[in-house]
Amino acid sequence: MDNTLGLFISINGYEPTAKALNSGSRPVLILLDGADLMIALDDRIAFPQLLLRKKQHAARTGETFIDAATIIG
Numbered sequence: 675m676d677n678t679l680g681l682f683i684s685i686n687g688y689e690p691t692a693k694a695l696n697s698g699s700r701p702v703l704i705l706l707d708g709a710d711l712m713i714a715l716d717d718r719i720a721f722p723q724l725l726l727r728k729k730q731h732a733a734r735t736g737e738t739f740i741d742a743a744t745i746i747g
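Residues in the sequence shown are numbered consecutively from 675, following our numbering.
It is worth saying that the hints were derived from the structure and are not from the lab. Mixed in with the good hints there might be a few duds.
Lysine to aspartate or glutamate pairs mimicking EDC-like chemistry, simulated, CA-CA at most 16 Å apart [said to hold, decoys possible]: (1) K693 - E737; (2) K729 - E689; (3) K729 - D741; (4) K729 - D707; (5) K693 - D707.
Listed next, with one range per pair, are the computed distances between beta-carbon atoms [what the hints assert, rightly or not]: (6) T744 - I685: 12 to 22 Å; (7) T691 - D717: 10 to 20 Å; (8) L695 - D717: 24 to 34 Å.
Note that beta-carbon positions come from the ideal geometry of N, C-alpha and C, so glycine has one too.
Start from the sequences and build out the full structure, keeping to the hints where you can.
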């Protein structure tokens, strides 16, 4: 991943094609949806930790979206 990284929040989620379109070998955008936001607001995971884990996932896999429920198990 480059040092420049964006965060795109969509309360209603993303279509699978949007997730695939933004994924690649060098992601520059992290996707966060309403369910992710609710998990963070419910203190099930701290927001900075959620962003860090999403960034790590993108760096490892090239996928710009992983849901927070998967992250927290």
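query: For the pair supplied as a hint, K729 and E689, is the alpha-carbon distance within the 16 Å limit?
result: Cα-Cα ~20 Å, so violated.
- prompt: Regarding the pair K693 and D707, is the alpha-carbon distance no greater than 16 Å?
  reply: holds, 11 Å
message: Given a hint of 24 to 34 Å, does the C-beta separation of L695 and D717 actually sit inside it?
response: Holds - the Cβ-Cβ distance for L695 and D717, about 32 Å, lies within 24 to 34 Å.
- prompt: T691 and D717, beta-carbon distance inside 10 to 20 Å?
  reply: For T691 and D717 the Cβ distance comes to about 33 Å; the hint is violated.
task: Would you check the hint for K693 and E737, treating anything up to 16 Å between C-alpha atoms as holding?
output: holds, 8 Å
message: Tell me if the straight-line CA distance from K729 to D707 falls inside 16 Å.
response: OK: K729 and D707 at ~15 Å, within 16 Å.
K729 paired with D741 [C-alpha distance capped at 16 Å]: Roughly 12 Å separates the two Cα atoms, so the pair holds.
- prompt: Taking the beta carbons of T744 and I685, is their distance inside 12 to 22 Å?
  reply: This hint holds: roughly 19 Å between Cβ atoms.
Of the numbered hints stated above, those contradicted by the structure are hints 2, 7, listed in ascending order.
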